[in-house]
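Okay, here's what each chain looks like letter by letter:
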Amino acid sequence: MLGYVLDRFKSSIVVLFVVSVITFFVLMIIPGNPAQLILGTDATPEAISELHVAMGLDRPLYQQYLSWLLDLLKLDMGRSYVYGESVTVLIARSIPVTFSISIFAMILAVFIAFLFGMISAIKKNSIADYFSRSIMQLGAAIPSFWIGMVFIVYFGVKLKILPVSGFVPFEENFFKFIKSILLPSIVLAIGEVGTLLRIIRSSMLDSLKQDYMDMARVKGLSAGKIYIKYALRGALTAPLTIIGMQFAKLAGGTVVVETIFALPGLGRLVLTAVEHRDIVLLQGLVMFITSTVIIITLFVDISVMFLNPRIKKFKQGEL
Amino acid sequence: MKNNVSLILGIILVLIIIVVWALSFIYMPYPPNEMNIPNKFLKPSIDSEHILGTDNFGRDILSRIMYGSRNVLLVAIGSVTLGTLLGIFLGAVAAMKRFADTIIMRIMDGLMAFPGILLAMMLVTVLKRGIQGSIIAISIFMVPVFSRLVYSMIQDTETLLYIKAAKSYGSSRRQIFFRHYIPAMLPRLITQFSSAIGSAVMIETSLSFLGLGIQPPFASWGLMLSESRQFFLGYPYLAVAPGIAIIITVLGFNLIGDGLNDILINRGNSNE
Chain S
74 MLGYVLDRFK SSIVVLFVVS VITFFVLMII PGNPAQLILG TDATPEAISE
124 LHVAMGLDRP LYQQYLSWLL DLLKLDMGRS YVYGESVTVL IARSIPVTFS
174 ISIFAMILAV FIAFLFGMIS AIKKNSIADY FSRSIMQLGA AIPSFWIGMV
224 FIVYFGVKLK ILPVSGFVPF EENFFKFIKS ILLPSIVLAI GEVGTLLRII
274 RSSMLDSLKQ DYMDMARVKG LSAGKIYIKY ALRGALTAPL TIIGMQFAKL
324 AGGTVVVETI FALPGLGRLV LTAVEHRDIV LLQGLVMFIT STVIIITLFV
374 DISVMFLNPR IKKFKQGEL
Chain H
582 MKNNVSLILG IILVLIIIVV WALSFIYMPY PPNEMNIPNK FLKPSIDSEH
632 ILGTDNFGRD ILSRIMYGSR NVLLVAIGSV TLGTLLGIFL GAVAAMKRFA
682 DTIIMRIMDG LMAFPGILLA MMLVTVLKRG IQGSIIAISI FMVPVFSRLV
732 YSMIQDTETL LYIKAAKSYG SSRRQIFFRH YIPAMLPRLI TQFSSAIGSA
782 VMIETSLSFL GLGIQPPFAS WGLMLSESRQ FFLGYPYLAV APGIAIIITV
832 LGFNLIGDGL NDILINRGNS NE
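Order-wise, the sequence lines are chains S and H.
The first sequence begins at 74 in my numbering and counts up by one.
The second sequence begins at 582 in my numbering and counts up by one.
Read the hints as simulated data drawn from the structure, not as lab findings.
Hints may be right or wrong, so weigh each one.
Once the Cα atoms are required to be at most 30 Å apart in a straight line, the calculated DSSO-like pairs of lysine-lysine come out as [claimed, not checked]:
{"no.": "1", "chain 1": "S", "residue 1": "Lys231", "chain 2": "H", "residue 2": "Lys624"}
{"no.": "2", "chain 1": "S", "residue 1": "Lys292", "chain 2": "S", "residue 2": "Lys196"}
{"no.": "3", "chain 1": "S", "residue 1": "Lys302", "chain 2": "S", "residue 2": "Lys292"}
{"no.": "4", "chain 1": "S", "residue 1": "Lys231", "chain 2": "S", "residue 2": "Lys252"}
{"no.": "5", "chain 1": "S", "residue 1": "Lys147", "chain 2": "S", "residue 2": "Lys83"}
{"no.": "6", "chain 1": "S", "residue 1": "Lys233", "chain 2": "H", "residue 2": "Lys678"}
{"no.": "7", "chain 1": "S", "residue 1": "Lys249", "chain 2": "S", "residue 2": "Lys233"}
{"no.": "8", "chain 1": "S", "residue 1": "Lys196", "chain 2": "S", "residue 2": "Lys282"}
{"no.": "9", "chain 1": "S", "residue 1": "Lys83", "chain 2": "H", "residue 2": "Lys678"}
All of these numbers come straight from a predicted model, not from anything done at the bench.
All chains should be modelled from the sequences, with the hints used to inform the complete structure.
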C-alpha cells in the first residue's frame, strides 16, 4: 500500500515537471520582445536591450528555465508588469474569492447530484429518472456565461434580491459574503452537476446489483437503511474521485464566471494576463493553478484508497 | 437500437444546426455585418422584417446567428478532427514503439493536468486570435483525450488472439494498425468524436465570449453574447438567440455521443 502511495507521489512529481516545461516553453515562443512589451513602443533601443539583459533574456533558454524553476520552488514568481506587483502577492490576494465560490459550488453540486442521482438509480426508468437525466444533459449543455447573464437579469435586476457583481470578504460581513458568492456558485454548480449525477447514478446502479443488496433485503432492513447504509456506501468510490477532480478543475476554471460577476479572483487575473500578454503573471498563475489541481487529485486518490479496502487489495495485486 | 431517445433527439438537434449552417450559404435575410443604426434594438417579432430583432448596431440577429454557425462549426469540427488525427497518431506510436511510450504519454499526462480552458487560454496568448488560433488551441486540448484512448485500446487488443495471429503471419505494423486496430477502435473513436465536438463548441464560445476567440466584426455566438452584455439589462432578448443556438448545438452533439455509446459500446448492458 505504501508502494502505491509512493508510486502516485512519484507520478505527480513527473506530471508537475512536464507541466512546468510546457508552461515555460509555450509562453516563451510568444512573438515580440517582452522587454519591448513592458517599456512600450516609444522606448529607446538602449533601454530595451538593458532591460532585456536585466531580465536575463539573453541567456540560453535552458538556463532561463532552470532559474525560473528554482525561483518557483522558493515561491518567487516574479513581478507582473500589468499590476507592477509580485505575482505571489497577487495570487494570494485572489485565492479567497476563487476558493469561496468553488467550495460553495461543489457543496451545492454534491447535494443536488446525490439527491437526484440516488432517486434516479433507485427508481430507474421512472419519471423522476427521466427528469434528473434531463437535468444532467441540460446542465452540461448550458454555457455558464449565458446562465450567468440570465441570473443577473432575473435575480439582480428584476427581483433585486441579490448583488450582481463584486465580492465581500466574509470577515467583513458574513451575510453579504454569502449573498455575493451565491449566484456565481449556483452558475458553477450547474455546470458540474451533470457529470457528477451521471457517475452517482451508474455507481448506484452497479451497487444495487451486488449480492450484499439481496442480503440486506433478505434480512428485512428498512428501505432507508438498505439504500443509505449499503447501496450508497458501496457506490461512493467513483463519485469521491470525481468530486475531487471537479473541485480541482473549478479552482482553475472559474474564468468565465468571475468575468460575468466581476469577481476579483484567480480567473480574472488569468484573463488580464492573457489580454495584456503578461507572461510572468500567466506563467505564475498557470503553475499555481495546475499544481493545486495535481496536489488535490493526488490527495483525493490516496484518501479514496484508504477509505475503500477493495482498491487497496486490487492495487496491491497489481503492484 | 430500440428506443434510443438520446440518439434520435441528438440527431434532430444537430440537423437543425446543419440546416441553419447550410442555409447561410444560400440565403441570409440581411448581410450579417450590415449596420443600420436607425433600426437598432428592434424587438423580435414574427411580423417584423427582423424576426429575431436587431442588435445595438441595427444588425439583423437572425443573419448573425446563421453566419455565426459557420465559424462555430468550422472551429469545432476543424479542431476536433485535427486533435483526433494527432491523438490517434501519438497514441499509436506510443503503444507500438517501446521507446516512445514514456515520453509521449508523460507529455499527454502533463497536457491533461491543465484544468478547463486554461490550456486553451495559454495557447491563445501565443497564437494569433481568430479562427486559426482557436482551431489550434482547441485541437491541442483534444490531443491527450484521443491519444490516451488509442493507447489504452491498443494495449487491450494487443494480447487478443487475432492480433497475435496477424503478427505471426508476418503482417507489418502498418497493416496491423490499419486492418485490425482501427476497425476495432472505431466505435469508441466515433463516440468520443461526437462528444468532443460538443465540448469544442463550448470552449470556442467561451473563448469568443472572453474576447480571445473570433474577433469583431465577425459573428460568433459567444461574441454576440459578449457584445450584448452592455445592453442586455435593457434588452434581454439580445442574449436569447445566441444562448439557445449554443445549447442546441452542444446538447445535440452530446446526446449523439451518449446514444452511440449505448449502441456501439455498452450493447445490451447499458446503464443509461
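Evaluated hints:
Restraint check for Lys231(S) and Lys624(H): satisfied, since their Cα atoms lie roughly 19 Å apart, inside the 30 Å limit. Distance hint between Lys292(S) and Lys196(S) is fulfilled; the C-alpha atoms sit about 21 Å from each other, no more than 30 Å. Restraint check: the Cα-Cα separation between Lys302(S) and Lys292(S) comes to about 13 Å, which is no more than 30 Å; the hinted pair holds. Among the hinted pairs, Lys231(S) with Lys252(S) is consistent with the structure: their alpha-carbon atoms are about 16 Å apart, no more than 30 Å.
Proximity of Lys147(S) to Lys83(S) is assessed by CA-CA distance (about 21 Å); at most 30 Å being required, the pair is judged to hold. Our distance criterion of 30 Å between C-alpha atoms is broken by Lys233(S) and Lys678(H), whose separation comes to about 62 Å. For a cut-off of 30 Å, the pair hint linking Lys249(S) to Lys233(S) stands: about 14 Å separates their Cα positions. Note on Lys196(S) and Lys282(S): the hinted pairing holds, with a Cα-Cα distance of about 14 Å set against a maximum of 30 Å.
Between Lys83(S) and Lys678(H), the direct Cα distance comes to roughly 24 Å. Compliance with the 30 Å bound is thereby established for this hinted pair.
When held up to the earlier numbered hints, the structure conflicts with hint 6 and nothing else.
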